[in-house]
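J.: This is what each chain is made of:
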Amino acid sequence: MNILVCIKQVPDTETKVKIGEDGKSIDESDVNFVLNPYDEFAVEEALQLKEAAGGEVTVITVGPESATSAMRTALAMGADKGIRLDAEDVRLKDSFSIARALATSIEELDYDVIFCGKKAVDDDNHQVGPMLSALLDIPCVSTVTQLEIEGTSFTATREVEGGREIYEGEFPAVFTTDKGLNEPRYAALKGIMQAKKKPIDVSDVQFPEADSVVIESMEMPPESPPGRILGDSADAVPELIRLLKEEAKVL
Amino acid sequence: MAEGILVFAEQRNGQLMKAAKEVLTAGYQIAESSGTTVSTVVVGDGVSSITDDISQFGASTIYVADDGELANYSGLAYAEYIRAAIEQADPAVVLFPADSMGQDLAPVVAAKLGVGNGSDVTEIQYQDGTVTAKRPVYAGKSLVNITFQQSPAVLTVRPNTYPPEEHPGEASVENLDVSLPDNALRVTARFEVSESERPELTEANRIVSGGRGVGSPEDFEIIEKLADAMSAAVGASRAVTDAGWRPYSEQVGQTGKTVSPALYVACGISGAIQHLAGMRSSKVIVAINKDPDAPIFKVADYGITGDLFEVVPRMIEELKNES
Ligand SMILES: Cc1cc2nc3c(=O)[nH]c(=O)nc-3n(C[C@H](O)[C@H](O)[C@H](O)COP(=O)(O)OP(=O)(O)OC[C@H]3O[C@@H](n4cnc5c(N)ncnc54)[C@H](O)[C@@H]3O)c2cc1C
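Just so you know, the sequences run in chain order W and D. In terms of numbering that gives the first Met the number 0, the first sequence has 23 at position 24, counting the first letter as 1, and numbering is strictly consecutive. In terms of numbering that gives the first Met the number 0, the second sequence has 122 at position 123, counting the first letter as 1, and numbering is strictly consecutive.
Hints in this document: simulated from the structure, not taken from any laboratory. What you are looking at is a predicted structure, and each value in this text was computed from that prediction instead of being measured. Check the hints yourself; a few may be wrong.
To list a few chain D residues with every Cβ distance to chain W over 10 angstroms, as calculated [stated by the list, open to error]:
1. 48
2. 166
3. 221
Here's a subset of chain D near chain W, in silico, CB distances under 7 angstroms, partners left out [to be verified]:
4. 14
5. 45
6. 142
7. 185
8. 248
Every residue, glycine too, gets a C-beta built ideally from N, C-alpha and C.
Start from the sequences, fold in the hints, and give me the full structure.
T.: Put into structure tokens, the structure is as follows:
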């Protein structure tokens, strides 16, 4: 089984956002970068599939040299090799450009299944997996929380408003992973040592001349005025309920 | 030249979704301010019956794909019909709700058209042929303004940002006829309805959330009772879902759901940056926490610095007395 996992390096979720000099992206000077949390589920699912069915796990990223560290995390978890499509400023690129870069590279590969995180926690776009499936003309099940695979058939479940959808289909397919699907493993020291020796192939990426969605500016959300402490016990409850009804008008 | 707005009118079991009504409203407002019109596309089995509902929201044309094979959602199949509607309507803007169906479908439609997608937008402007939008990034820690360089602009609209408004009118109905490619139905889905009577977290107008301060899965019952008294959905912090007290589907935050209800009540939640990221755009925030230094009070509109086991039961009682 040839299993591909698309990953992204992102600022960690503790990051206090400061707008950078370009006015369009964040100031990255004090930022700690990690493997996108949703991609950890994708890597874990790929590793479990490899353990069950055999084969090879390849992780692919579009990003600068520094994104190699996120890739090493995936390799330390147990992925076999990496492909980095070399590109600067990926945080300003729209998802369609990223999906096209990935699709162009993936078209050259033999693959049975592709995993992506459901979204990156920086741009929150929710797009790369579904777009990739459209470009490769294969089906996609997004935000998967349960996945069973038998040979090349799968049953995938995702939570939706008012219930759950259960999909049945055949590989090749793209799955985007949600929390709840699995418990990502930690990379053990041995894995970290081994990861250093695993191959990472670097190639140039051909982006289309223009993005179709462009970030013009970044701004901070409006500051909300400081709230009111109504009391330190249940005695404050009647006043709270009154304010919610009469002032805030939400009850 | 491309003109007008096309809205995907999401339905399930012949019911127009609340999120669809919101997006129809967004479409109507944009059309009004730019002097153009809204058309809609509805896809499913037996959906001809909901065209009346749709026409309450000001659409002039409704494209209908009604086919037994479309009873269950299938991204590839739905996308083909939506493309057919786009071909006929030639819109400048295509809107979907930013819910599980919209976020699965919009990127596929966009990529098939060879254009990008703006996700989860909270404001849209269409002026002099240019589409701009605002959207939260970093789970709402900041916002970006985006423009669309290609037509049509495909967007998903965040639930709860455009309250539904009715604009009854007459709409013409056009049936879509598409021959689906073989692979379009290769993934087939079934739908299982969840048993919960409570509103869906991302659609809810009110949410009551519990954190580690609630102490145990059993004690979560008081959170549920408060939610019921307020007709609210139940949410939780990650500490709670990680401990297995509540299902992950209830987690609010950067790696959980992003919510923006009219009222968010946080009980025994400290207000870690990742939690705030998912709920700070709620219109009114109430915090109940015994630690006066808890960061949740920095974003709360109203707070009580007390023991939730005293405060929450009192709230339930007050709400019951008054109704
Ligand atoms: C990558 C990553 C992603 C994350 N994503 C999320 C996310 O999506 N959502 C999320 O919520 N967190 C997320 N977190 C976790 C986050 O950092 C916090 O650990 C978590 O939000 C804490 O949950 P809590 O507030 O319920 O618990 P705690 O921080 O333990 O706070 C409990 C609070 O309850 C109060 N309390 C205790 N007893 C009572 C009582 N009887 N009455 C009143 N108050 C009481 C305490 O004063 C305290 O403030 C993430 C973390 C990481 C690293």
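J.: Let me make sure I understand: some of the numbered hints might not hold for this structure. Which ones are they, in numerical order?
T.: 4 and 5
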